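Peer 1: This is what each chain is made of:
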Amino acid sequence: MSDTENAALRPMGGSIFEDILDGYFPIRESARQLLERQGASAMWIRFVHAPVMTVSGLSATEPVPMSVRKAYSGMIDHMTLFVARSGDRVEVSGVGDWYWADGREETDTLPASTRMGEPVFVRGIGIRDLAPGNLPSIALTNLNGSLSSDVQLKRASDQLGWSEFRAWEIQAGIGHIRRVHEEEGLAIEGWSAEPVAPAKLPVPGERSLHGPWSHVLADVSAARSARRGRDFARHS
Amino acid sequence: MITQKLNDQITRIGPKTPAGEVLRRYWQPAALVDEAQSDNPLVPVNLLGERLVLMRNHDAEWVLKTRVSSPDEAPTFHPEADAIKVVDDGPIYPVVEKKGIFFAYMGPGEAPAFPNFDCFRAPDSHVFAFKGLWECNWLQALEIGIDPSHASFLHRFLQDEDPKDSYGKQFRDTAADTNIPITHVLREYPRPDISVEETDFGLKITSLRHMKDGLTHVRVTNQVFPEAICIPMSREMTITQWHVPVDDENCYWFTMFTSFAEPVDKETMRAQRLKEHTLPEYAPVKNRSNNYHYDPEEQKTLTYTGMGLDINVHDQWAVESMGRIQDRTREHLGRGDAAIVRYRLMLRKAIKAIEKNKESGLPMLGADVDKIVGPLSNDAVTSTDDWEQASREMDMRRRQECPWDASV
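Protein chains in written order, with this note's numbering: chain A, 807 to 1042; chain B, 655 to 1062.
Isolated chain A (complex conformation):
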């Protein structure tokens, strides 16, 4: 791949949202339900300060327990997940930091079967296939490492015809949630520019929705996004 070659780019439809990730179910199940509720094929979500628990002897498919007397409990300090439908399943990948309050051994990954200890407020981006004739509001990209991230993201934005956007790093390997201590760096400030005519948009191609992708981009221009979307861009 040469220095001038564009990063992989998949224009999508979708929207920024705030919602509640249900509590007490395994993360994977709550994420599946949230994805369904948002009518999305994939989503990027972010949340902080969320209690989690692992209940002794309770498998991931068993119902919500009545109480948590025999459980390990902990707290997710921050977490960013990329969730994508894959046939009948959903793939949950992401990064975050967490601790167990009762001395459980800390590990480098958090199983997606871990249960949430409470419903969790999340901000996220629901990603849908682009309807024919619509302009993309969301895009997924996988930077190729040959140019700086800034240059590649700006180039992607130009290609999409966006005047203002913001990008968030996905940083996820497929199928696991890995520990990173610092949440800084996951969000990348976007750029404002004069609107440009959209280039001929890239065709989604064969790359599956669950990636790998390095960034999700959202059009946050006043003309194209609701107030909530711009608030999200400011706070997340």
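Quick caveat, the hints were computed from the structure, so don't treat them as lab data. All of these numbers come straight from a predicted model, not from anything done at the bench. By construction, the Cβ of each residue, glycine as well, lies at the ideal position given by its N, Cα and C atoms.
Derived SDA-like pairs (lysine to any residue); straight-line CA-CA distance at most 20 Å:
(1) K1006(B) - Y905(A)
(2) K1003(B) - E988(A)
(3) K659(B) - V861(A)
(4) K1025(B) - D854(B)
(5) K753(B) - E916(B)
(6) K1006(B) - A907(A)
(7) K670(B) - E764(B)
(8) K659(B) - Y905(A)
(9) K1010(B) - W904(A)
(10) K659(B) - S862(A)
(11) K659(B) - M872(A)
(12) K1012(B) - G763(B)
Chain B residues, not near chain A, derived (Cβ > 10 Å throughout):
(13) N945
(14) G962
(15) L1019
(16) W1041
Once you've looked at the hints, dock chain B against the given chain A.
Peer 2: Leaving out everything else, chain B in the frame of chain A:
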């Protein structure tokens, strides 16, 4: 459903506890001005697990000092003034008087500024303050106030009262610009759509009850961080209510009733509430020991609870019956508890910020606190199509017609 350890983190309020440290960063209601009416008052104050006395210092300024106490004192022990002894080398906390309530600051460093809420900027004639004891942890007392659905069940009245008899009572007025009693709306439309927005002061909670004929009931309430709510009481008044810990297992509600157009009839409101409380502890007459005067006949015909018409008693029963500290290892919150979820997130963020010495990020502790006004808090029945604008316009009209500066 969290473990006891995580429950302790958000409920316990003694010195050096995580939630206690958050509350200590804010002014806390300590006593009513009504309690300090003698010539040289010494008012016992039991606040945030500390045994204190409200008194004037050598410069005649109000302060809170630690008083000598016995470990086996009742949580709301209220010694006579001549039995109070001050601990000479104990902490001294600053106190200010605001609209009938003494507020104390028990945290480190400079006390924060007060926001310019309606209850603080209305003239004295338009604000009435009262308090009452609930025998439970402060957090469950607060959380019922940010659950917009509970009013449709807990405060369900099976008959609608004539609004002209409603002065000083909550949920007994009609919705603005209509003849629809709020009791009717709450009873007939029990499942509101709830949305929650983070604000400079806490949370704005909007509940929409979509009614017949293209109408929507809009109720806007607020959580004021860390432990207050601001809600509409009637078209004329709002309630700003703090849930202030006495200790881990008891709390006082302190309420400022703020009137827009007319001065508050303080005598009527005081008499209504004194009838329901015994002094000097401000303990409710209806309580756990007498089953809250539960009457099954009343429950069949008049109220959901059978505990009388005072909705404060309904709330008191609901939160006290959870136990002294709610057992959240058995709790199951859902998406309808969005405001509780958002509130706990704010509380945990604040706990973390204090642990990391990043306190300026806490709500209302940064710059320009005095520019925080309002908050908007009202009940309105509007056209479903433009509920947001119509609700705001009704509140603006009320503010414009009011004789004091209620602009937002």
